[in-house]
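2 protein chains.
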Amino acid sequence: MAKRLLSNFSWMTSPYIVAAPMRIMSGPELAVAVSKAGGLGFIGPGAKPEDTVKDLAVARKLLEAMSVTTRPASSTLKSIIPVGIGFQLWNGDINAAVIAVQKYTPCAAWLFAPRDGQKDLDHWIKTLRDASPATQIWIQVGTLQEAVEAARSKFRPEVLVVQGDEAGGHGMAKNCLGLMALLPEIADALKDSGISLFAAGGIADGRGVAAALALGASGVALGTRFLASSEARISKGYQNEIVRANNGGTSTVRTTLYNQLRGTHGWPEKYSPRGIVNRSWHEHQANVDFDILKERHDDAAKKGDSGWGPEGRLATYAGASVGLIHDVRKAGEIVKSLQEESRDIWKVKSKI
Amino acid sequence: MAKRLLSNFSWMTSPYIVAAPMRIMSGPELAVAVSKAGGLGFIGPGAKPEDTVKDLAVARKLLEAMSVTTRPASSTLKSIIPVGIGFQLWNGDINAAVIAVQKYTPCAAWLFAPRDGQKDLDHWIKTLRDASPATQIWIQVGTLQEAVEAARSKFRPEVLVVQGDEAGGHGMAKNCLGLMALLPEIADALKDSGISLFAAGGIADGRGVAAALALGASGVALGTRFLASSEARISKGYQNEIVRANNGGTSTVRTTLYNQLRGTHGWPEKYSPRGIVNRSWHEHQANVDFDILKERHDDAAKKGDSGWGPEGRLATYAGASVGLIHDVRKAGEIVKSLQEESRDIWKVKSKI
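Top to bottom, those sequences are chains A and B. Quick note: the first sequence uses the numbering used here, first residue 463, plus one each step. Quick note: the second sequence uses the numbering used here, first residue 463, plus one each step.
Hint data in this document are derived by calculation from the structure and do not stem from the laboratory. Do not rely on the hints blindly, as some may be mistaken.
Since copy identity is lost for identical chains, a pair holds within one copy or between any two.
Here are the simulated SDA-like cross-link-like pairs (lysine to any residue), alpha carbons at most 25 Å apart as the crow flies [said to hold, decoys possible]:
| id | residue 1 | residue 2 |
| --- | --- | --- |
| 1 | Lys653 | Asp806 |
| 2 | Lys565 | Arg805 |
| 3 | Lys765 | Gln607 |
| 4 | Lys616 | Ser734 |
| 5 | Lys698 | Asp751 |
| 6 | Lys809 | Gly678 |
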């Protein structure tokens with residue numbers, strides 16, 4: 463991994479495990495727990511732009527008890543805090559983002575879902591770097607083309623998170639491809655760029671970590687696995703469904719149906735989210751009228767935790783790795799076992 | 463890997479590399495070259511059912527010069543030949559298959575694409591085992607459900623080939639999932655079954671081999687990489703396009719359009735092939751009438767090698783790993799470098 467990358471993350475232990483910035487659900491408790499265990503936790507976008515500053519304030523409080531190194535490579539730069547922050551660009555508020563990174567200097571900012579591609583990314587990168595030079599820029603991509611454009615930009619990021627089709631939540635609606643073929647092709651195209659690659663999508667245990675690193679990633683980013691952590695900011699019904707669901711290929715699907723049911727509008731058309739299917743989906747497939755589905759969805763939303771599950775109707779964004787997740791665990795334990803499992807796999811394989 | 467599995471493949475060297483039975487294109491020259499190098503080559507279905515016997519006859523001739531062990535575990539069984547044979551069930555001729563395996567005792571028969579699911583598979587397995595007890599049964603699956611059904615059947619196969627969405631040619635039309643999430647979930651479900659898993663889809667170099675084995679596979683099966691081998695039975699124009707194409711996520715797509723253009727009818731609806739897009743696809747996307755596309759396709763088919771490529775119109779079935787393939791090489795060299803590259807990866811990783 464590039465020296466510059468490493469220097470910002472001196473508390474991290476190898477292999478590098480990252481908790482992805484899931485909207486609302488990746489709060490400061492989760493991010494701090496992951497970083498404390500030698501990983502890197504990202505705080506996700508909040509319901510409102512100003513939530514980011516609040517979450518970072520909580521994170522810093524939690525971190526005051528931690529003894530992790532927070533000094534960046536260059537002594538001319540401000541000390542960073544060992545959590546990252548995620549921004550969703552198409553509806554993000556760049557002014558709120560600037561205030562947040564200036565005040566708290568998170569070690570990294572993860573940018574995702576621009577409405578206008580590299581042009582929007584460049585604007586955000588330039589603005590955030592001006593506001594907080596010590597904060598690294600991570601960009602999430604889902605295609606070779608996006609990766610190449612990011613590497614060619616004069617506002618080149620330090621890290622690209624390569625998201626495979628297996629990932630939960632919003633990813634590419636079309637042309638999405640599994641990590642097995644996507645990651646090595648991007649690695650080849652970017653091999654002289656100095657950009658580090660992190661792999662995301664379908665990884666939930668040490669097997670996925672070992673596989674992603676074999677494919678050329680410097681580390682991995684996980685979302686769904688951390689939804690089933692004690693520190694996730696998630697409804698119990700939602701979390702129960704992550705633990706219960708299996709058969710990721712059949713029980714999860716990419717569809718914008720749940721966005722429509724929730725009244726989430728405005729996502730650029732190139733993105734579509736993967737989630738666990740339930741009655742809303744099955745009735746939609748059976749051609750039940752949308753207005754009826756919406757009514758039933760809104761009723762279910764009033765009922766709390768029973769709104770999720772196979773008989774539920776609420777959005778349950780999750781990755782295709784749900785079938786590998788069988789329990790709720792402390793985030794720090796998840797980090798440690800991901801590392802141990804992947805190390806054990808290499809030990810065995812290297813003897814073949 | 464299960465003892466019984468290994469005993470049938472004593473000439474193979476680890477990690478186990480298999481050349482998948484691609485229809486017509488995997489001929490006896492390719493299969494023998496792969497087995498000779500310590501892998502396992504499969505002969506694909508021919509244009510007509512009786513081609514299988516002819517291809518096996520050629521393979522045996524080629525093998526007479528080889529010094530590989532061909533004795534199966536039990537001395538009561540007939541000696542096997544160290545190549546496998548693939549059968550496409552929905553339009554396969556079980557009587558021709560019986561004649562072929564009885565006469566040549568291939569080490570393994572790879573069954574794919576039943577019209578009627580496990581029922582058809584059971585019928586074929588029972589019939590082939592009666593005809594040639596020394597021939598192992600390999601079944602290709604694309605979902606957890608298919609894998610579980612195969613394992614529960616009283617005609618349980620020795621090997622399941624788990625095909626991820628990244629694969630070229632025919633695979634699941636819906637619910638298809640990348641290997642990253644699909645393989646570990648199937649491995650968990652089948653861990654006490656005694657069935658070995660081979661991974662297929664998106665693997666074209668040692669990175670993919672190392673990753674698939676980390677995910678729980680005993681070996682890997684490659685198709686597209688062997689299309690770009692000297693021994694493949696493939697038109698030059700087609701092969702050139704495998705070498706040229708890159709950006710697998712965008713340049714390949716699952717569609718039945720090319721089946722329709724070629725006049726290939728009858729595939730069960732659950733299957734759809736991945737291939738490299740060209741003018742037929744782009745004009746189809748632009749709503750050009752099918753009859754016009756068909757006319758243009760048929761004209762292109764008369765023009766030979768120029769019918770393939772970005773300006774071509776012919777079916778170019780290929781996996782999403784095309785962007786990792788940059789040259790035509792001897793099949794034996796491909797096997798060796800897949801093995802060496804994956805071993806090198808583990809060596810490096812085990813030191814982390």
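Now the hints, each set against the structure:
no. : hint            : result
1   : Lys653 / Asp806 : between (28 Å within a copy, 18 Å between copies)
2   : Lys565 / Arg805 : neither (38 Å within a copy, 47 Å between copies)
3   : Lys765 / Gln607 : neither (43 Å within a copy, 32 Å between copies)
4   : Lys616 / Ser734 : neither (29 Å within a copy, 41 Å between copies)
5   : Lys698 / Asp751 : neither (29 Å within a copy, 52 Å between copies)
6   : Lys809 / Gly678 : both (18 Å within a copy, 14 Å between copies)
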